[in-house]
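Trainee: Turn these sequences into a full structure, and let the hints guide you.
In order, the protein sequences belong to chains A and B.
Residue numbers are given in my numbering: position 174 of the first sequence equals residue 174, and the series is strictly consecutive.
If you want my numbering, it's the position in the second sequence, counting the first as 1, plus 726.
Since the hints were derived computationally from the structure, they do not count as laboratory data.
Just so you know, not all the hints are guaranteed correct.
[What the hints assert, rightly or not] List of simulated lysine-lysine pairs, DSSO-like, C-alpha gap at most 30 Å:
1. Lys905/B x Lys31/A
2. Lys57/A x Lys885/B
3. Lys945/B x Lys31/A
4. Lys57/A x Lys959/B
5. Lys81/A x Lys885/B
6. Lys57/A x Lys860/B
7. Lys296/A x Lys193/A
8. Lys31/A x Lys909/B
9. Lys140/A x Lys117/A
10. Lys959/B x Lys74/A
11. Lys922/B x Lys31/A
12. Lys832/B x Lys57/A
13. Lys959/B x Lys928/B
14. Lys549/A x Lys385/A
15. Lys501/A x Lys231/A
16. Lys409/A x Lys391/A
17. Lys31/A x Lys942/B
18. Lys959/B x Lys621/A
19. Lys860/B x Lys113/A
20. Lys928/B x Lys31/A
21. Lys322/A x Lys260/A
22. Lys74/A x Lys860/B
23. Lys31/A x Lys959/B
24. Lys832/B x Lys81/A
25. Lys885/B x Lys74/A
26. Lys257/A x Lys240/A
27. Lys832/B x Lys74/A
28. Lys240/A x Lys283/A
29. Lys936/B x Lys31/A
30. Lys137/A x Lys458/A
31. Lys81/A x Lys959/B
[To be verified] According to the in silico footprint, chain B covers these stretches of chain A (three or more CB under 8 Å from chain B):
32. 5-14
33. 36-45
Remember, predicted model here, so these are calculated numbers, not experimental data.
For each residue, glycine too, the CB sits at the ideal point set by N, CA and C.
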Amino acid sequence: MKIDRRDFLSLGIGAAAGIGAGTALSPLPWKLIDDSSIWSQNWPWTPVPPDGAVSFKNSVCTLCPGGCGITVRKVEDRCIKIEGTKGNIVNNGGICILGLSGLQLLYGPTRVKAPMKKDGGRWKEISWDSAIDEIVKRLKNIRKEGKPESVACVSGTDQGTVAQLIGRFLTAYGSPNYIRTSSIADSYEIALKKLHGQFSSIGFDFENSDFVLSFGSGVADGWGSPVRMFKANSKWKDSKDKALYQIESRLSNTAAKADKWIAIIPGTEAILAMGIANVIIQKSLYKKKLIEKYSKGFNNFKALVLKEYSPEKVSKITGVKKSEIIAIAKKFAGASRPVAICGSGQGRTPGSIFEFMAVHALNALIGSVNNIGGVFSVPEPDYIKWTEAEKDDVAAKGIKTDRIDGAGKKYPDTRYLINRLIDSINSTGDSPVELLFVNGANPCYTMPDTENVIKAFKKIPYIVSFSSYFDETTEMADIILPNHTNLERLEDIPLAAGLIKPVVGLSMPVVEPECNTRHIGDVFIQMAKLMDGNIKASFPWNNYEECLKKTLGDKWDKLARDGYWVDENSRASRGIFDFTPLVKNNRNLVKPEGKSKLTLIPYDSMRLTVGYIGDPPFAMKTVEDTILKGNDVFVEINPKTAAGYNLSEGDKARLTTSKGKAKVRVHLYDGIRPGIVAMPRGLGHTEFDEYLAGKGENFNKLIGPVEDPVSGLDAAWGIQAEITKT
Amino acid sequence: MSTIDDKATEVPEDAAGESAETVPPEQEKEEVAEKKEINKGLVIFVFIAAFVASLIVGWILFPMVLYTQENQPIDFNHALHLEEVENSCESCHFFREDGSYAGVPKLAQCVDCHDEVMGDDLDELAFVENYVQKNIEVPWLIYSQQSDCVFFSHAAHVKAAKMDCVSCHGDIGESTSLKVYEKNIITGISRDIWGKNIGGIKLHSWDRMKMNDCAKCHKEETGNQGACFQCHK
Chain A
1 MKIDRRDFLS LGIGAAAGIG AGTALSPLPW KLIDDSSIWS QNWPWTPVPP DGAVSFKNSV
61 CTLCPGGCGI TVRKVEDRCI KIEGTKGNIV NNGGICILGL SGLQLLYGPT RVKAPMKKDG
121 GRWKEISWDS AIDEIVKRLK NIRKEGKPES VACVSGTDQG TVAQLIGRFL TAYGSPNYIR
181 TSSIADSYEI ALKKLHGQFS SIGFDFENSD FVLSFGSGVA DGWGSPVRMF KANSKWKDSK
241 DKALYQIESR LSNTAAKADK WIAIIPGTEA ILAMGIANVI IQKSLYKKKL IEKYSKGFNN
301 FKALVLKEYS PEKVSKITGV KKSEIIAIAK KFAGASRPVA ICGSGQGRTP GSIFEFMAVH
361 ALNALIGSVN NIGGVFSVPE PDYIKWTEAE KDDVAAKGIK TDRIDGAGKK YPDTRYLINR
421 LIDSINSTGD SPVELLFVNG ANPCYTMPDT ENVIKAFKKI PYIVSFSSYF DETTEMADII
481 LPNHTNLERL EDIPLAAGLI KPVVGLSMPV VEPECNTRHI GDVFIQMAKL MDGNIKASFP
541 WNNYEECLKK TLGDKWDKLA RDGYWVDENS RASRGIFDFT PLVKNNRNLV KPEGKSKLTL
601 IPYDSMRLTV GYIGDPPFAM KTVEDTILKG NDVFVEINPK TAAGYNLSEG DKARLTTSKG
661 KAKVRVHLYD GIRPGIVAMP RGLGHTEFDE YLAGKGENFN KLIGPVEDPV SGLDAAWGIQ
721 AEITKT
Chain B
727 MSTIDDKATE VPEDAAGESA ETVPPEQEKE EVAEKKEINK GLVIFVFIAA FVASLIVGWI
787 LFPMVLYTQE NQPIDFNHAL HLEEVENSCE SCHFFREDGS YAGVPKLAQC VDCHDEVMGD
847 DLDELAFVEN YVQKNIEVPW LIYSQQSDCV FFSHAAHVKA AKMDCVSCHG DIGESTSLKV
907 YEKNIITGIS RDIWGKNIGG IKLHSWDRMK MNDCAKCHKE ETGNQGACFQ CHK
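Mentor: Below you can see the structure in the form of C-alpha cells.
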C-alpha cells in the first residue's frame, strides 16, 4: 500500500490528535505543570533556616572593646540572629552593625580551620600535638641559650584571665615583653597617672551628663563603648537642656548630630582646651573650693593659662572665633553636670598627652571629676588573685632585662610602647625578638607606617599567631594555632567600656566549635605543662575552664546568669589633682610630618572596623558610594581646595605622603576645612577574603608614628600630603 | 484522472510502465473511494492507537517514572508504640513551649525508653546500634512535608481549630510498619501530597493535601478559602 505525502500528513495529524486527546485526558500534563511550578520555586540559593527548636543563648561580644551583652537566637544547632541583651548594663538591648554581623565571622570562609604551618610559602594543616610540640621545642631552645627575654607577645588587651595567663607564662619563662597595642586607653591611663598620681582607667557617667564637650571624640562613630554611647547620645537629645558640642575639623556623623559643631584647625585641640581654661579661670567660673582643697600646682597653672592662652592667641592658632571660645567656656562652666572628653574618632590611636591632660584639667576646674555626670578614675577590676608565678634563675634574670619596647625607661609612666618595638627590631642587626606570640591584634594592618611594620615582622624568626582569621599579621606568621571565635569561647571579659565601676562580662560559648580550633587558654596551659619545672608549677590548672571557674569563685553564678558582674565595692580614687605635669608639658603640639601643602587626616566610621577584626560583608554592604565604590576609596576634599588642584567629583587621583602613596578618588565635601584631605580607616586590607581584600587603600601605609614627648606613644593625628589628578 | 475520456484513442507510454489498458471511470472511482476509506480508516486507527497509548503513558507509566521508592531508615511500628504511651499522638508529636510544633520526634525523645535494646526486634537493634549509640539523628522521610513555598501552623489547626490528627494524616497511628516513601523526582516531596491516585481523585480527607484540599476545608469551616499570604508568606 502506497503512502504518499498527503496520507503521511493525515496519519501524522491523526496520531498527533490521538496523542493530544489521550494526554489531555490523562493526568500527565496537568501534574507536570503543577510539579514544574513547585520545582521552579525550589531555589537552592535561598537560605532557609532549618526547622527545629528555637533557643536563646547569652554571651558578650568581643569584636570591639565595647563589651556589649548579646543574645544569640538559635534553631537547633545553627545560630541565626544576634541581638543585644535586654537589661545588660552596657547596651541594654542595643547592638551595633559589627555585632549584628558576627555570624558571618563565625560561619564565614575567612576562618582558620585547623592549626597551620608555613611550608614552602604555603599553609599546611598540622595536628594540635605537633603544633604545640614544635613551639615548646623552640621555647626550650631559646631558654637554653639564656635569652628568655627574646620571647614577646603582642596582644590587644592585658586584662582578663587569658591575657594574664599569657603574661604569667612569659613571667615564669623569663620575659618582661608583654606588649599591648595602643589606643586612647594608654593616653587616659598616663594622663590620670600624671595628674592624679595613681594608675587607673577612665570612666564616664554619660547617662547623667547634661553638657558634653567633645574634642573630636566619635560619640556616634564608635568611640568608647559604641552602643552605650549611642544610647547616651540619645539621652542628650532628650531635652533642650542637654547638649553635645563637637570640636572637630571635619563634619563627622557625631558632629552632624551634635547641637553645635566647632570646626577647628586639626591638631590644635589642646590649645583650645587651654583657651577655654583661660576664660573659665579669668571669669572665675571654676569651683574654687574644690580646687583649693583637692589640687596642687594650681597657681602656676593659672599664671600660665592667663599669660599664654588668651582667647585672642588661641583663636589665631585654632581657627575658632574668640567669641565662640568664650561662649563655649561659659556654657561648659555653667552646666550642672558637664563633662569634657577627647581621643579622636574611635580612639584607636593614642594622641597627645598634653591634649588629654588639658581636657582633663577642664573637668577638674568645673568639678566634674568623680562627680555625677562626670569623669571617674576607675581602678582595674581586681578579681584575678593568683599567687605569683614561680621563677627559676633563668626567669629571674630574664625578667629584669629592659623591655624591648623601651617602656618605663625614658617614659616612666608608659607601660607599653608598641611603636618602639618596631623601631627596636628594625634598628638592630638581629631581631631582639626571637619568638613572637600574637593574640587579638593585627599590627601589620592597624599600626602606622605599614611598610616599616612589615619589615620588622619579616625579621622576626618565628611568629605564632592565635588568630581565628587569615589577617595580615597571620599571613606573616610561621604557625597558626587558631583560637575559638568569640561565639565559641568561654572567657571573662573585663570591660574597657568606660563605665564608672569596674565591670566584668562573661563570654559564653553559644555553639560547639565549628572548626578544629582550640581555646588559647588551654593552649598556654598545655604548653606550660610541657615546659620546665617552674613554668609547669606556675600552671596548676588542668584546663582553662577550671582556671576560669576557680578564679571567678562565687562571682561565677552571677556572671553565668546575667552575663556581667559589677564590682560595686570599688571606689574611685580620690587623689589630689596635680596641675604641675600639665604646666610642665604644655605647648607640646604635635605637628604633622612632611612639607606639602595639604594635610591628610583619617576618620572612623561605624561601618568600617578599624581594629583587628576585618569588616564583615554585611557591614561592607552599608558603606556609601561616596566612600567606597567598586574597589576605589574616596577621599574628602573641600571644593575650594579641590578647585585649586583641578579636581572634580569622582576624579581619580594619587595621594602621596612621605610614607607611601595611594590610588584614590575625589569626593567633594563642604564639611571639611579647606587644605585638609580626609580618608577613612578600615579599608585596604590585603588578606581576609574576597569580600574585603583589595577594596580601597589602608590609611596606615600613608602615615608614620610621631612620638609624643610626654608618653612616647604615637601622637600623630595627620600627615602632610600631596594629591595629583591621574 | 478526469482526462481519461479525452485520451481514449491515444496509447500513452508513461514511465510507470502501464499498459495501454485503461481503467474504466467507475472502477477508478471505487479504487479512489477504497483508498480514501483505507486511509481514513488507517488514520482513525492510528488516532485510536495513539489515544490509548497516551492514556496508558499518562495514567500508568508516568506515575511509575515520576516517583522513586525509598525506604525509611528504620521500620517504625506506630501501633506498638501507641499502646505504650498515654497521650496518643501527642506523646511524641507535641507542641513546644513557644508554640512551635516539634513534628517528627528527635533522638532525645526515643532515648527515654530506648537507651538500650528493649526487645528482640532486629529493627530496634539496628536503631540502637546505628543511631542511639552513635548519637546520630534518624533521617526520617516525612510524608506530610509540604513544599518550601507553603507555611503551615499546627498551632492554628490543632489548638485553635481543635482538629484531630487523622483528618489530615490518616490512620498512620494504627500502622505496624512505615510505608515506602515515594519521592517525586521533580518536586522532591512525597507522593502523599498530590495523592496516591495520579488523577488526584481522593476518598478520604487525608488522601491528598494540595492547596485546593486545604481551601475546600477552609471554605467549609471558616466560610472562605483564605488569603494568599496566610500560607504563602
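Trainee: Which numbered hints are broken by the structure, listed smallest first?
Mentor: No hint contradicted; all consistent.
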